[in-house]
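Student: Please model the complete structure; the sequences and the hints are all you need to start from.
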Amino acid sequence: MKTLDSFRSALQSLIVNKLRSALTMLGVIIGVASVIAMVAVGNGAGAQIQSTVLSLGSNLVTVTPQQVSDPSGLRGAGGSSMNLTLDDMRAIEAQLGDTIKAVHAEQQAGRWQITAAGQNWNSNVVGVTPEYPEVRDWPVEEGEFFTETDVSVNAQVAVIGSATASQLFGSSSPIGLNLALRQVFPDPRGGGRARIINFRIVGVLKEKGATFGFNRDDQILVPTTTAQRTLTGRTNSVNSIVIKALASETMADTTEDVRSILLQRHRIADPANADFQVLNQNDTLAALSTITQTFTILLGAIGGISLLVGGIGIMNIMLVSVNERTREIGIRKAVGARRMDILLQFLIESIALTGLGGILGILLGWGITQLVQQIQPSLAVLITAGTVIIAVGVSVAIGVVFGLYPAMRAASLHPIQALRSE
Amino acid sequence: MTVRPTPRAILTLRGVTKSYRMGKENIVHALRGADLDLAEGEFVAIMGPSGSGKSTMMNVIGCLDAPDDGTYVLDGHDVAKLKDDDLAEIRNRKIGFVFQGFNLLPRLTAIENVELPALYGNPKQRKERARRALESVGLGDRFHHKPSELSGGQQQRVAIARALMNEPAMILADEPTGNLDTRSSAEILAIFQHLNDQGKTVVMVTHEPDVAAHCKRIVRMRDGRISSDEPVPVQRRADDDLQALVAVA
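Residue numbers (the working numbering), protein chains in the order written: chain V, -15 to 406; chain R, 80 to 328.
In short, the hints are calculated from the structure, not lab data.
Every value quoted in this text rests on a predicted model; they were computed, and no experiment measured them.
Ideal placement from N, C-alpha and C gives every residue a C-beta, glycine not left out.
You can trust all of the hints, since none of them are fake.
Here are the simulated lysine-lysine pairs, DSSO-like style, with alpha carbons at most 30 Å apart: (1) K85/V with K192/V; (2) K190/V with K85/V; (3) K203/R with K225/R; (4) K162/R with K203/R; (5) K225/R with K2/V; (6) K206/R with K2/V.
Just so you have them, the derived chain V footprint on chain R, three or more residues with Cβ under 8 Å: (7) 162 to 170; (8) 173 to 183.
Quick look at which bits of chain V chain R covers, simulated, 3 or more residues with Cβ under 8 Å: (9) -10 to 0; (10) 311 to 317; (11) 322 to 330.
Tutor: Structural data, given as structure tokens:
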């Protein structure tokens, strides 16, 4: 029997039992749709996390202070987290030279109340070094970044984020204007004393956009030294040193170089006792992608269970169909149908059910992801070609697996018994 | 004196036995050594009371069931020991079935039902062949009717057209008039007689002597064996029956 005839006859018999075929297909449709939608959410989250990490700059090696623990397992003094210095950064810069692209150091200065142009705002203040734009792939949109000289003289200059700029100054240019950081100390005698530090705005950063509800365009960058001496009092120490490697491939080498320089500078013989931690962005990405992959697999598995239930529905209905059509099978066998002809007829029917169900399921899954986007725009979804191919493949495979047993039952019927059945 | 050529043998059964297991202990010996010869162009009725083995005989002749023992040569092929799929192929090429209950597929139109044997065998020009077969049984105007839109006699004629589709060596009819009224029965028998006049071999299983009288030879069965095998002295013509029916009306 020609395949085309088989397909036509399969479709015919599905059309005859419209409602039944539709309900049976619904199981597969829901299964495929849930796999598509769930995996899309998982993939979307993964892609979003990855782009968030990369938006902080690419090929980064980050050094952060590490709490040193003594052999008894007790933690070291709190001061040990202040062991990274601007001098460490200078040493790395001097020793690695051309083998890295750039290096900068950061010192968090906390949240401050800000007043400028008669407006009040609250923002995060970070002390950084002039290489910041290069390391973070984050150029200034307007004005200029502060210079090495500004750092060396603790100049009270600031580069502000685009969101901060529009909050304080609206659409007008803030370059050359002043902003004041205010800190209020409660006075035991009542009231409070305010400390006000003025900064001149020299630049505005390019817009990066918000991720996970955290707006990175709302921040104020000041020279590290200013953050240390004027704002925090943590003289010379920094929260992190960030090194930009030449390329993704050289990151492992750079990581090793940085570690050995710092071990030497900090006079630590055993790397296990290092008072700092060197984080390679590749490792971070790999760790994150492992997490999101697990997450995606978990979500996919939940969808897969409904697909399995749909498959069992297919098997059930195909068994009913074989029972109902025993006489037809007898007639077909009497006029010369071989086992394989009957087997294929029923197999094609179940594959047609699951294949069509799979296609409709993809459309439904796509619809669901669109709806999710409409309702919750911050939740990223991503349907990949791979997901679609796998979903269709799996649904066709379910047609084969769950259709095979009923089809084999049909094929092995004895023609005489089949003809006698009513 | 002219020598008449011996007609070609269509089937030869020798010592065919077949038994069925009914329940756990009960074995029914349906055929206990049946011998039968059939030549091309014959029109044979197989008769016998129920339990005589005529249904089993029909299943064995129709290659729907393989005999336990004995030999069966159908149109030159030894089919006694064939496997299921080979039997299916023989049925497709050598045998045209006509059943008491018509056994048409209700979802297919008349012409699609007639085409069915071609799907499992020779698919060449199957539309054209199906059309010709339906025209030959007088249903040239019913190609696209579903079985439910046809009378019993018309449905049986569709079944005959289906049996003719692959130009089989033999038409095997199992109580073909059992579900029909007198007039339709006569029409169906007339079709068989015309086919036989054109040289087709027809085997018909029936328990009605009136129907058997339209054949040329009657084989009677009893207890799983052939009990008598004799020619019909004067073959009753179905065309005459039809004329008589018209006269009565």
